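Undergrad: From just these sequences and the hints, can you work out the full model?
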Amino acid sequence: MLFSSPYRIYSSGDHSITIEAGNQIDTKINQGVISLFHDLSANRIRGIKDIIPAFQSLTLIYDITICKKEAGNQSVFNFLSALIEHRIKHPIAIANTASRLINIPVCYDSSIAPDIALLAELHTLSIEELIEIHTGKEYRVYMIGFLPGFAYMGTVDQRIVTPRKSVPRTFVPAGSVGIAGEQTGIYPFGSAGGWQLIGRTPITMFDPKNENPCYLQPGDEVRFFSITLSEYKNWGHS
Amino acid sequence: MSIHINKSGLLDTLQDEGRYGYQHLGVNPGGAMDRIAMHIANALVGNQPNETVLEMHFPAAEILFKETLLIALAGADFSATINGKELPILHPVLISKGSILAFGKRKNGARVYLSVQGGFTADTWLNSTSTNTKVNAGGFQGRALQKNDQLLLNNPRAFSFVFTDHAFEVLPWKAKTAELYTTNSIRFIAGAEFGNLHNQSIVVMKTQVYTISRDSDRMGYRLQAKPLPTLSHQEMISTAVTRGTIQLLPNGQLIILMADHQTTGGYPRIGHVITVDLPILAQMQAGETFQLQEINPEQSEDLFFEQEMNLQQLQNACNFRLQEYLNA
Numbered sequence: 001m002l003f004s005s006p007y008r009i010y011s012s013g014d015h016s017i018t019i020e021a022g023n024q025i026d027t028k029i030n031q032g033v034i035s036l037f038h039d040l041s042a043n044r045i046r047g048i049k050d051i052i053p054a055f056q057s058l059t060l061i062y063d064i065t066i067c068k069k070e071a072g073n074q075s076v077f078n079f080l081s082a083l084i085e086h087r088i089k090h091p092i093a094i095a096n097t098a099s100r101l102i103n104i105p106v107c108y109d110s111s112i113a114p115d116i117a118l119l120a121e122l123h124t125l126s127i128e129e130l131i132e133i134h135t136g137k138e139y140r141v142y143m144i145g146f147l148p149g150f151a152y153m154g155t156v157d158q159r160i161v162t163p164r165k166s167v168p169r170t171f172v173p174a175g176s177v178g179i180a181g182e183q184t185g186i187y188p189f190g191s192a193g194g195w196q197l198i199g200r201t202p203i204t205m206f207d208p209k210n211e212n213p214c215y216l217q218p219g220d221e222v223r224f225f226s227i228t229l230s231e232y233k234n235w236g237h238s
Numbered sequence: 001m002s003i004h005i006n007k008s009g010l011l012d013t014l015q016d017e018g019r020y021g022y023q024h025l026g027v028n029p030g031g032a033m034d035r036i037a038m039h040i041a042n043a044l045v046g047n048q049p050n051e052t053v054l055e056m057h058f059p060a061a062e063i064l065f066k067e068t069l070l071i072a073l074a075g076a077d078f079s080a081t082i083n084g085k086e087l088p089i090l091h092p093v094l095i096s097k098g099s100i101l102a103f104g105k106r107k108n109g110a111r112v113y114l115s116v117q118g119g120f121t122a123d124t125w126l127n128s129t130s131t132n133t134k135v136n137a138g139g140f141q142g143r144a145l146q147k148n149d150q151l152l153l154n155n156p157r158a159f160s161f162v163f164t165d166h167a168f169e170v171l172p173w174k175a176k177t178a179e180l181y182t183t184n185s186i187r188f189i190a191g192a193e194f195g196n197l198h199n200q201s202i203v204v205m206k207t208q209v210y211t212i213s214r215d216s217d218r219m220g221y222r223l224q225a226k227p228l229p230t231l232s233h234q235e236m237i238s239t240a241v242t243r244g245t246i247q248l249l250p251n252g253q254l255i256i257l258m259a260d261h262q263t264t265g266g267y268p269r270i271g272h273v274i275t276v277d278l279p280i281l282a283q284m285q286a287g288e289t290f291q292l293q294e295i296n297p298e299q300s301e302d303l304f305f306e307q308e309m310n311l312q313q314l315q316n317a318c319n320f321r322l323q324e325y326l327n328a
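Residue numbers (this note's numbering), protein chains in the order written: chain W, 1 to 238; chain R, 1 to 328.
Keep in mind the hints are simulated off the structure, nothing from the lab. Every value quoted in this text rests on a predicted model; they were computed, and no experiment measured them. Hints are not guaranteed to be accurate.
[To be verified] Cβ-to-Cβ under 10 angstroms is the rule here; a few derived chain W residues that face chain R:
1. Asp50
2. Phe55
3. Phe171
Quick reminder that beta carbons are idealized off the backbone N, C-alpha and C, glycines included.
TA: Take a look at the structure:
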């Protein structure tokens with residue numbers, strides 16, 4: 001059994017089915033989601049085109065024609081629903097749930113961290129304390145979405161929880177590290193965005209030329225470490 | 001073996017049926033907005049249904065053909081011409097080397113698809129040739145076509161056709177598409193948060209007329225109508241969303257997600273437009289209106305198989321006529 005709490009399975013379109021467990025962001029529930037993601041990825045159901053984990057849900061995008069061949073007289077939704085229900089109760093291979101630990105360098109220098117001084121002031125912390133808090137724990141990659149490679153990580157220490165900016169920026173540079181509520185994340189591309197920007201990483205979070213284009217995977221654990229501005233500028237060149 | 005872009009259009013991109021298998025990394029599927037038009041354009045020239053096509057919006061590109069080729073246009077009717085002479089859509093057409101394809105007035109539809117026999121040589125990224133302009137990958141250098149781009153072609157068949165008075169020859173059969181674009185109202189199945197709407201809102205939602213707003217694009221169609229009351233749990237935990245998902249925005253308006261949608265979203269999912277009706281929506285543009293009609297999921301599957309069967313028959317007929325013609 002992959003979920004200890006109640007879950008529901010519902011249609012999320014005529015080519016899409018979603019399993020949702022609870023309505024909160026919770027590490028254990030997300031571990032269940034990621035285990036089901038690994039199980040269904042390793043033991044593919046014919047006709048499944050995409051398996052998309054989110055905080056407390058997993059969505060399967062399917063080819064209606066291929067699935068119908070297996071479903072016979074019943075509807076594709078009912079057929080898949082029963083199959084997934086069975087997989088949740090009897091996972092074929094409980095995939096290795098030990099997650100990778102990835103260390104990511106972040107430069108918190110105010111010149112490339114436009115909101116850090118403001119956040120420190122807001123939370124009556126020094127900038128050094130804020131950095132210490134942000135780098136002081138491991139974050140779970142709950143989900144990747146919004147942009148290719150944009151990892152939603154959490155949860156940040158209560159002392160630095162900050163709502164999104166009331167007016168989003170029209171442009172946030174690639175590599176920007178931000179906070180939104182209890183979440184922290186990295187913009188893989190230049191984009192509009194409303195997260196509070198407290199630093200920047202020199203790591204390429206999404207490289208379309210790479211066979212595995214995405215630096216992070218759902219279920220990863222991430223720890224940030226602080227680097228200086230000159231280390232940031234010379235990263236990968238030394 | 002190439003075609004040359006004399007003038008670029010509003011948004012001309014290479015597309016196939018989309019990039020699947022990478023949505024868990026946030027990579028959106030993209031792909032042709034009108035899947036039926038893509039299939040028909042390909043079938044008319046004897047290609048596989050999902051061969052790469054050129055999707056063009058209005059105004060569309062002006063294209064110089066540097067070889068004698070078999071091509072077809074399907075989807076929108078933008079009054080196509082070859083060297084100034086009218087060119088019908090939904091027919092296979094032999095075009096002589098040196099001819100210029102241009103478009104005049106928009107008669108109907110929002111997107112026209114150009115296929116060439118053999119297909120375009122396109123960049124494949126993550127198993128798809130669809131253009132992802134966010135990442136700049138796939139299609140033609142990951143971007144929309146620009147003036148003076150040269151698109152290479154995949155070994156097109158050599159035709160030694162003798163053109164008479166025209167620089168092109170329209171082959172004498174036409175793809176019948178009436179049965180494939182069947183409805184005036186856009187049908188949907190209920191989404192996870194549909195039940196959270198008040199009964200009064202459901203009545204409004206299903207009876208009012210929606211206008212497609214100007215800021216609609218390949219990512220999504222924003223609709224304008226009487227705002228619906230928002231739900232108490234408006235901010236939700238994000239889940240995956242898909243093509244056709246109808247979200248209720250904080251301002252009470254609806255958005256329908258299209259080919260270039262983000263992979264996840266946190267707005268209430270009121271419904272999902274059925275796959276069968278997405279091509280109809282893809283051919284509607286800003287200012288056009290429609291109503292939403294609810295059907296049940298079993299009906300949506302039946303409608304899908306009916307449409308697939310019609311499409312398959314049309315593809316078979318096109319292939320048969322073309323083989324007959326080429327072997328004659």
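Undergrad: State for each hint whether it applies.
TA: Hints versus structure:
1. Proximity of W/Asp50 to chain R holds as hinted, the smallest CB-CB distance being about 4 angstroms (cut-off 10 angstroms).
2. Nearest Cβ of chain R to the Cβ of W/Phe55: about 5 angstroms, under the 10 angstroms cut. The hint holds.
3. Look at W/Phe171: its Cβ only gets to about 14 angstroms from chain R, farther than 10 angstroms, so that hint breaks.
The structure fails hint 3 only (numbered hints given earlier).
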